[in-house]
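*Asks:* One letter stands for each residue in the lines below.
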Amino acid sequence: MTSTRRQVHSPRVRRLARDHGVALDGLVGTGPQGRVTTSDVLRLDVATTLWDNAIAGPQPSGSTPADPPRRTTAVVEVDVTRVAKGTHGLLAAVIEAAVPALRQALPDKGAGVGIRVVAHEGGRERTIRDADRLSMAGLLRALQRAPDEPRAGIDARPGHGAQPEDHSLAVHDAGGDGFLFESLPMAVGDLAALSVGAPVERPAVIAQPDGERGIGIRTCVHLALTYDDQLPRAAVATMLASVRGRLERLGQGVGGASS
Amino acid sequence: MAQLSYRDAVARGIAQEMRRDDRVVLVGEDVAGAGGVFKTTAGLLDEFGPRRVVDTPIAEQAILGAAMGAAMTGLRPVAEIMFSDFFAVCWDIVVNQIAKTRYMTGGQVTLPLVIKTGNGGGLRFGAQHSQSIENWAMAVPGIKVVTPSTPEDVVGLMAAAIRDDDPVIFCEHKGLYSMKAEVADGEIVDTLGTAKVRRAGRDATILALGMMMPRALAAAEDLATRGIDAEVIDVRSLMPLDTRTILASVAKTGRLFTVEENPQVLGWGAEIAAIVADEGFWDLDGPVQRITTPHIPLPSADSLEDLVMPSAESVAGTVEKALQS
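From first to last, the protein sequence lines are chains A and B.
Residue 103 in this note's numbering sits at position 103 of the first sequence; the count goes up by one each step and never skips.
Residue 1146 in this note's numbering sits at position 146 of the second sequence; the count goes up by one each step and never skips.
Just so you know, the hints here were simulated from the structure itself, not pulled from any lab data.
It should be emphasised that the depicted structure is a prediction, and the values quoted were computed from it without experimental measurement.
We treat Cβ as the ideally placed atom computed from N, Cα and C, and that holds for glycine.
Be careful, since some hints might not be right.
Claimed, not checked - Non-contacting residues of chain A with respect to chain B, defined by C-beta distances greater than 10 Å in every case (computed): (1) P11; (2) V13; (3) R15; (4) P32; (5) D130; (6) E201; (7) R202; (8) P203; (9) G211; (10) A235.
To be verified - With a Cα cut of at most 20 Å, we get these calculated EDC-like pairs of lysine to aspartate or glutamate: (11) B:K1252 <-> A:D132; (12) B:K1252 <-> B:D1229; (13) B:K1252 <-> A:E182.
What the hints assert, rightly or not - Label-pair restraints from in silico Cβ distances: (14) B:R1226 <-> A:G34: 16 to 24 Å; (15) B:D1030 <-> A:Q144: 48 to 56 Å; (16) B:R1199 <-> A:S135: 32 to 40 Å; (17) B:T1243 <-> A:A137: 20 to 28 Å.
Construct the entire structure; sequences and hints are all you get.
*Replies:* So this is what it looks like as structure tokens:
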């Protein structure tokens, strides 16, 4: 007589597997009695992604799966004198400006497609789902909540529970470490990575109320966007210009800052 | 900051509120002249006099009837039921009168009273003086239930209970009366319905209260030496229950264990297991386990009482076995 043991997965593992698109049928895990653990699911997600890339064959662009993705970093300087100071203020303002600009730049703008932001600050990571539906206050609240759980050294697809169709924008607080900008590695699933540099005060040419140009002390940051082939270069230019415009026009009216 | 015993903390909490509010009075068997059979009210008669600190006959229904009448007419009484086992002789006034008055009068009459009681086992008092009745009390709508495990929590939760406009059953664990710990100087007022994370961890959540708290903490330290990082939460208040803290911990660890001095049937752990099944099911990485006494009255023999009550060793053993199976 052959005994067959029913395969049992805990609710936590089943949810994680669903969220990461990992099939559990027939798997033998590393837990007691071969049970699949949450770490197994996360490892499998990475392995599946790499496998899918490997078997996808030559891409239309001519690159092979073994080639590293082609990525470019574009940098702009933005006058953020009008942006609220304080913890998370600059980061929230950048996210609020970047998310609609990214949606504009996306080749597919389906109504069902959400934008997920993964905010990196001082080694902590926070995933903000549906970032395009949050107000500035909502973004600030999201940035103040507890960081995501560390995921056992796996840095593949940021965020728990993201829908597969969601686009992901990684936003890094490079300024927290004093960097003007940082060219960032992108995790699997990220559409682009935006580094927010350290704010610096500098003299800048500004438009005065009488229309003449003058010199003013302005607070500026560098925004560096690392992106791959999914985003056309023209769309990136439009996006960064839009982000800069939104940040510089915050507050009452257009102040005429330029750089 | 000074060392204070759990028993002295009871008197300090009551005295703090009696100094602040003339309406606070204390009634019970031997609470005045004797300072309480467990010495939890020592010094209160001297400071506040016989009109506010009142000895009563051995009649639990009369004690609670007097307290209820005093509360209805504007005082904020603290009544003592010496052993919590004796709630069994006065449940009618607790369940049918005290718990329901606010509802039956449409909110016109509130009963701001505290029933303090010596609860729990481990002191060789036998089956009729050792029960843990917090799970009986939490089943009664209209009653709040508090179960402190440290001297500082005794002071702060007693103050919060006295200031609350609803009836509160305040379960002092008899086995903790002699424990001492640092207590902050000055006025201490805590918040009902809040749990405390006593030890942070990532592998398993252990819930406990009263005398099971120090045992759960000892179990967690033992587990740490075996590579299991347990989070220990002091429930402190069964009604209201801080489900937010409990569910957040389960979301982090995926495993939940309750350590209860009461029998397993309809214990507070059963209610929390049901809440987690409703609201935290997808966070669970294994079944909720309840570590309790068996479904028997607590025995009198020392060796048997030790055998049936959860210990640090039995808690650690249960958690370790569950995580490895």
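*Asks:* Next, verify each hint and record whether it holds.
*Replies:* How the hints compare with the structure:
no.: 1; hint: P11; result: 5 Å, violated
no.: 2; hint: V13; result: 7 Å, violated
no.: 3; hint: R15; result: 4 Å, violated
no.: 4; hint: P32; result: 6 Å, violated
no.: 5; hint: D130; result: 19 Å, holds
no.: 6; hint: E201; result: 41 Å, holds
no.: 7; hint: R202; result: 44 Å, holds
no.: 8; hint: P203; result: 49 Å, holds
no.: 9; hint: G211; result: 57 Å, holds
no.: 10; hint: A235; result: 38 Å, holds
no.: 11; hint: B:K1252 <-> A:D132; result: 27 Å, violated
no.: 12; hint: B:K1252 <-> B:D1229; result: 12 Å, holds
no.: 13; hint: B:K1252 <-> A:E182; result: 32 Å, violated
no.: 14; hint: B:R1226 <-> A:G34: 16 to 24 Å; result: 22 Å, holds
no.: 15; hint: B:D1030 <-> A:Q144: 48 to 56 Å; result: 52 Å, holds
no.: 16; hint: B:R1199 <-> A:S135: 32 to 40 Å; result: 38 Å, holds
no.: 17; hint: B:T1243 <-> A:A137: 20 to 28 Å; result: 26 Å, holds
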